[in-house]
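Novice: Between the sequences and the hints, there should be enough to build the whole structure, so can you do that?
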Amino acid sequence: MQKHILNRLKKVFKVEGDIKAPLRIKIVADKDLVSSILLYLKNQMGFIHLNHMSCVDWIEDNKFELVYIVWHPEQKQTVLVHTFIDRDNPVMENIDTIWDQANTYEREMREMYGIEFPGLVGAKEFILEDWQEMPPMRRDFDTKKYAKETYATRPGRENARDVRKEIMKRSGEELPEFAKKYSRD
Amino acid sequence: MIEKETTLYLGPQHPGITGNMMIKLKVKGDVVTHAETHVGYLHRAFEKLIEGRNWLQSFTLLCRFCVPEPDPMELTYARAVEQIEGRDVPPRAKYIRTIVAELARIQSFLLWYGGQSGSSGLYTLGQWSVGDRNYILDLFEDLTGARIYHMYMWPGGVRRDLPEGWVDKAYKTMDYLERRLVDYNKLLFDNAIFQKRAQGVGIIPKDKAIEWGVVGAPLRGTGIKHDVRIDEPYEAYADLDFVVPTYEGGDVWARALVRRDEIKQSISIIRQALDKMPGGSYYNRIPNPMKWTVPAGEAWVKTESVRGEIGFYVVSDGGNKPRRVHLKGAAYTHGVSVLEKILPGQNIADVSFILNSLGVCPPEIER
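So the protein sequences, as listed, match chains A and B. Residues 1 to 185 (the working numbering) are what the first sequence spells out, left to right. Residues 186 to 552 (the working numbering) are what the second sequence spells out, left to right.
Hints were generated in silico from the structure; no laboratory data involved. You may find that some hints are simply not true.
What the hints assert, rightly or not - No more than 25 angstroms apart at the CA atoms, straight line, and that leaves these computed lysine to any residue pairs for SDA-like:
hint, chain 1, residue 1, chain 2, residue 2
1, B, Lys526, A, Val121
2, B, Lys279, B, Asp327
3, B, Lys211, A, Leu120
4, B, Lys211, A, Ala123
5, B, Lys393, A, Lys31
6, B, Lys391, A, Lys31
7, B, Lys476, A, Lys42
8, A, Lys124, B, Ala220
9, A, Lys148, B, Arg249
10, A, Lys144, B, Lys526
11, A, Lys42, B, Ile395
12, B, Lys410, A, Met45
13, A, Lys63, B, Thr478
14, A, Lys63, B, Lys211
15, A, Lys26, B, Lys506
16, A, Lys145, B, Ala230
17, A, Lys76, A, Gly119
18, A, Lys76, B, Thr478
19, B, Lys449, B, Glu232
20, A, Lys31, B, Lys526
21, A, Lys144, B, Asp502
22, A, Lys145, B, Glu232
23, A, Lys20, B, Pro418
24, B, Lys526, A, Gly122
Values in this document were obtained by computation on a predicted structure and should not be read as measured data.
Specialist: Below, the structure is given as structure tokens:
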């Protein structure tokens, strides 16, 4: 069954692919072919359920890897369609005309990775609010640095020292007996 | 009929869900004409933070993806890592994992009972079921040391073996819960208010359900039999006997009946797993976690949770930290696109009720 599905996709679209695990078929396709493959999988082969859409940032190769996961409810097979897009000019075809729910994934990817999907409907802000920095799920966004620069530290927490001791010093209180055994020094 | 359209913001705090999520409604009178989901109140960038932690440290964040049912997150991630690495899990660990997953299912169902009855004004049942849920949390505490977030299922098995006397306690708890289900039935399913509120409300059409991305109890409530435990059996499910209940109708009532029957199945699964519990090791030890590297590869692993199918897409670049961990929770489709499709035409008072029946867990959407 798996071989049959894979061979059919290879024959029709001339794509690379292999069988990764039981019930998992992986194909790697050119970005221009993806929507045709997904439409073919849905309308001709019965993969009517869009399971998942994901994005991986391969910053070393200057590429984003997009993964579309579709599922066949009778054959119980899953096909993972992989494609790579340029990281400097991340534009990908919008597929929410094939599956409505793809809209949610695409809005999230637009916000978190900065990938543009021409024709995508829906508010620009999905999860974040008033975000001015680079898309935060990109590998070069440094969460720690951002947090340090943006948020003020609560007094007594500037370093890794025991917070209770700092507070104790300020207020002049004694550390309770039971708490002493958990002290860091 | 009032013709003027008004905008109504429902949430972020309301009784329909555990967590915060806002729904922007357009209403005419008290009938919804348009709905739009707004999330972001619980965004904590877990997936980004996991990329900066090693494979084992990720577990402290993973289980917090969903408060009412954290265990399937651990289980699915552990299985994904095992699949990439090719690590075997001892049979005893598989049985223990099955029991924990099913206990998590029951406790989450009991919490759902509270939400579903509470959002229709029947508060007594909520008090009872949340009280009974504590007996399961007690079992968790004895087994894992924690009540809610367990971090118990690791790659290679589970963290601790069953403590002495735990099996007996588990049997007794199951007997008790089985007796209680009779009372729940009387209080909720025989209740005219609940029947009237639930029947014919929030219908998901059967012919569109799979295409819309509906999974879990809402899908089985439309009469479609799909359960990851049957379709892609994991852990010990292949050795155990259970049926997947389905009901026709696609409304809140059908979804509630599916969940009611599933609790019985879970109790039966736990009993069988306790009966058949194999001996031997419970943990295939991993190397020093700080130096542990997982070979380059990817995995897409699915688990049946209470809210429906959840999946983890995990990518390793061969290092000691995950390259990408991406959760697909059932709420990601249920809480956004499915909800926006089924709300128009419904009553404002039913919005929370429908939300609860879909099992929407907002932190799963924004992570």
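Novice: State for each hint whether it applies.
Specialist: Quick rundown of the hints versus the structure:
no.	hint	verdict
1	B:Lys526 x A:Val121	15 angstroms, holds
2	B:Lys279 x B:Asp327	19 angstroms, holds
3	B:Lys211 x A:Leu120	22 angstroms, holds
4	B:Lys211 x A:Ala123	16 angstroms, holds
5	B:Lys393 x A:Lys31	28 angstroms, violated
6	B:Lys391 x A:Lys31	33 angstroms, violated
7	B:Lys476 x A:Lys42	43 angstroms, violated
8	A:Lys124 x B:Ala220	17 angstroms, holds
9	A:Lys148 x B:Arg249	24 angstroms, holds
10	A:Lys144 x B:Lys526	39 angstroms, violated
11	A:Lys42 x B:Ile395	12 angstroms, holds
12	B:Lys410 x A:Met45	20 angstroms, holds
13	A:Lys63 x B:Thr478	24 angstroms, holds
14	A:Lys63 x B:Lys211	41 angstroms, violated
15	A:Lys26 x B:Lys506	23 angstroms, holds
16	A:Lys145 x B:Ala230	15 angstroms, holds
17	A:Lys76 x A:Gly119	32 angstroms, violated
18	A:Lys76 x B:Thr478	32 angstroms, violated
19	B:Lys449 x B:Glu232	35 angstroms, violated
20	A:Lys31 x B:Lys526	30 angstroms, violated
21	A:Lys144 x B:Asp502	22 angstroms, holds
22	A:Lys145 x B:Glu232	17 angstroms, holds
23	A:Lys20 x B:Pro418	18 angstroms, holds
24	B:Lys526 x A:Gly122	15 angstroms, holds
Hints 5, 6, 7, 10, 14, 17, 18, 19, 20, counting from the list given before, are not met by this structure.
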